[in-house]
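K.L.:
Sequence:
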Amino acid sequence: MRFKESKSICKGPEIDFSSSITNSLGLKEISIDVNEQGLCLGAAIPNSSIYNRHQKLEYPNKSNDKNKKNNDVTRYNITLDETGEVAFYGDSGLDIIDESLKEKIKRTQLYSYEKNRQMKMNYERINAETDKFLEIYKLSPNLKDEEYFKRRLESLSLKTYKRKTFDKKEPSIKDAKKVLKAEAKQKINSWRLLKQYIMRKKYIEENMEDKLTELNVEWQGEKIKFEEQENKIESERNTSYIQEYYEEKRSLELAIKGDERYIEGKTGQWLETTVLPLDFELAYEYRKSSLLIDIKLPNIEEIPDFRAIKLSKGVFRREDKEKIDLREEYINCVFGLAVFFSSNLFNISPKIKNIVMSGYSNRLPKSQSSKQKQSKDEYIYSIKFKREGFLGKNMSEVNPYDFCRSFNHRCKISEEKYMDSIEPY
Numbered sequence: 001m002r003f004k005e006s007k008s009i010c011k012g013p014e015i016d017f018s019s020s021i022t023n024s025l026g027l028k029e030i031s032i033d034v035n036e037q038g039l040c041l042g043a044a045i046p047n048s049s050i051y052n053r054h055q056k057l058e059y060p061n062k063s064n065d066k067n068k069k070n071n072d073v074t075r076y077n078i079t080l081d082e083t084g085e086v087a088f089y090g091d092s093g094l095d096i097i098d099e100s101l102k103e104k105i106k107r108t109q110l111y112s113y114e115k116n117r118q119m120k121m122n123y124e125r126i127n128a129e130t131d132k133f134l135e136i137y138k139l140s141p142n143l144k145d146e147e148y149f150k151r152r153l154e155s156l157s158l159k160t161y162k163r164k165t166f167d168k169k170e171p172s173i174k175d176a177k178k179v180l181k182a183e184a185k186q187k188i189n190s191w192r193l194l195k196q197y198i199m200r201k202k203y204i205e206e207n208m209e210d211k212l213t214e215l216n217v218e219w220q221g222e223k224i225k226f227e228e229q230e231n232k233i234e235s236e237r238n239t240s241y242i243q244e245y246y247e248e249k250r251s252l253e254l255a256i257k258g259d260e261r262y263i264e265g266k267t268g269q270w271l272e273t274t275v276l277p278l279d280f281e282l283a284y285e286y287r288k289s290s291l292l293i294d295i296k297l298p299n300i301e302e303i304p305d306f307r308a309i310k311l312s313k314g315v316f317r318r319e320d321k322e323k324i325d326l327r328e329e330y331i332n333c334v335f336g337l338a339v340f341f342s343s344n345l346f347n348i349s350p351k352i353k354n355i356v357m358s359g360y361s362n363r364l365p366k367s368q369s370s371k372q373k374q375s376k377d378e379y380i381y382s383i384k385f386k387r388e389g390f391l392g393k394n395m396s397e398v399n400p401y402d403f404c405r406s407f408n409h410r411c412k413i414s415e416e417k418y419m420d421s422i423e424p425y
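Take 1 as the starting number for the sequence shown in full-length UniProt numbering and just add one per residue.
A couple of the hints might just be wrong.
[Stated by the list, open to error] Now the in silico label distances, taken between C-beta atoms and shown as ranges: (1) E147 - D377: 36 to 44 Å; (2) S172 - E147: 20 to 28 Å; (3) K412 - R2: 49 to 57 Å; (4) Q229 - N142: 38 to 46 Å; (5) D305 - D377: 51 to 59 Å; (6) K159 - K201: 51 to 59 Å.
[Stated by the list, open to error] Simulated crosslink set (SDA-like; lysine to any residue; CA at most 20 Å straight-line): (7) K181 - L215; (8) K257 - W270; (9) K249 - K351; (10) K384 - Q374; (11) K266 - S290; (12) K296 - I422; (13) K257 - L143; (14) K351 - I422; (15) K162 - R237; (16) K384 - A283; (17) K177 - K138; (18) K321 - K104; (19) K417 - K351; (20) K104 - M121; (21) K386 - N408; (22) K138 - R387; (23) K351 - R287; (24) K384 - K321.
Since the hints were made in silico from the structure, they are not lab data.
What you are looking at is a predicted structure, and each value in this text was computed from that prediction instead of being measured.
Note that beta-carbon positions come from the ideal geometry of N, C-alpha and C, so glycine has one too.
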């Protein structure tokens, strides 16, 4: 390890770079109810409660008793694999061998629609496996200049907790009368209505003072309890706000100053909270306005070696990638990682003027026979990023390969798109 600090981060949850929800759902299971009235088709996510049932599609009744022999609804399931091949099976899990039933299901419009939809979903899902490696750079933020940090420091203000008010009204004679009226109605009953009225009125008048006092005592108790709770919340929140304020203030001051310990500490914190769909390791060190980084890159084997392609009539097919295409995707992936990490790390402090990033991968040396199987770490690029090169750039839209090569760099890529080993800066 060339640098004093290092972090190893395991890959996190899958990141969806597409607006389409189908990428994250996986294969659906189609279920079809068949009875003498017709077909009813639905789709469900396996091992979930998600189920979508479509309107029944009628087919003409047959006079043949053989077609009406069983009036019970029977459910059949259909699954589509990545090639678009359809499998039919019943609830028991056994394959359906009745070809006439298969053909009957296939002739429905709902079946055609659902099959095409599932094939499209498989197409997106298969290619999304590659996209999650190639589109990491799209998560890159734009550069924040020193003025940004200064403005944040100047606008920083101490938050204070806004107390809630006890908005329950103090009990009135009207409130007491309402309570006493309900009590009198419950306690005093007589078939002689005039007597009942007089007795209830007397009960209310005799107990008015005590009831009003009782309601006021309850109200005061609720108010005291509320104020005590607000005092506690106010104290806790304001203590937290004060701590957050001074931590943020100190952080901005150290960032503007370019404090070495702060930059290295903040780099480690950011790496620990970074979620990517791959494992990564970074060794880093800050020296005189330059952040030096060694990053362990994913192996080319981690990128899927297959993809889905569209054929005529809306059919999709899975096919293996050409080796040169796979290597080109790997190049875009590793340079995309360089863009992602450098753009984020420059934003730790405006005093980081340079980032020297060197990427290595564990692989078999090109000159070594695969039978020997003695892989080793080899550096495949080393780039000297300069802060001013990021100014005014929309980092989520750059071409990672071209952007990285616009800086001083060491990288050897053959015509076959093989990344040869290099000596890092």
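K.L.:
The structure should be examined with respect to each hint, and the outcome stated for every one.
P.N.:
Hints versus structure:
{"no.": "1", "hint": "E147 - D377: 36 to 44 Å", "verdict": "holds (41 Å)"}
{"no.": "2", "hint": "S172 - E147: 20 to 28 Å", "verdict": "violated (59 Å)"}
{"no.": "3", "hint": "K412 - R2: 49 to 57 Å", "verdict": "violated (20 Å)"}
{"no.": "4", "hint": "Q229 - N142: 38 to 46 Å", "verdict": "holds (44 Å)"}
{"no.": "5", "hint": "D305 - D377: 51 to 59 Å", "verdict": "violated (23 Å)"}
{"no.": "6", "hint": "K159 - K201: 51 to 59 Å", "verdict": "holds (56 Å)"}
{"no.": "7", "hint": "K181 - L215", "verdict": "holds (14 Å)"}
{"no.": "8", "hint": "K257 - W270", "verdict": "holds (19 Å)"}
{"no.": "9", "hint": "K249 - K351", "verdict": "holds (17 Å)"}
{"no.": "10", "hint": "K384 - Q374", "verdict": "violated (30 Å)"}
{"no.": "11", "hint": "K266 - S290", "verdict": "holds (15 Å)"}
{"no.": "12", "hint": "K296 - I422", "verdict": "holds (14 Å)"}
{"no.": "13", "hint": "K257 - L143", "verdict": "holds (17 Å)"}
{"no.": "14", "hint": "K351 - I422", "verdict": "violated (29 Å)"}
{"no.": "15", "hint": "K162 - R237", "verdict": "holds (10 Å)"}
{"no.": "16", "hint": "K384 - A283", "verdict": "holds (16 Å)"}
{"no.": "17", "hint": "K177 - K138", "verdict": "violated (69 Å)"}
{"no.": "18", "hint": "K321 - K104", "verdict": "violated (37 Å)"}
{"no.": "19", "hint": "K417 - K351", "verdict": "violated (36 Å)"}
{"no.": "20", "hint": "K104 - M121", "verdict": "violated (24 Å)"}
{"no.": "21", "hint": "K386 - N408", "verdict": "holds (9 Å)"}
{"no.": "22", "hint": "K138 - R387", "verdict": "holds (19 Å)"}
{"no.": "23", "hint": "K351 - R287", "verdict": "holds (11 Å)"}
{"no.": "24", "hint": "K384 - K321", "verdict": "violated (32 Å)"}
Against the hints set out earlier in the document, violations occur for numbers 2, 3, 5, 10, 14, 17, 18, 19, 20, 24.
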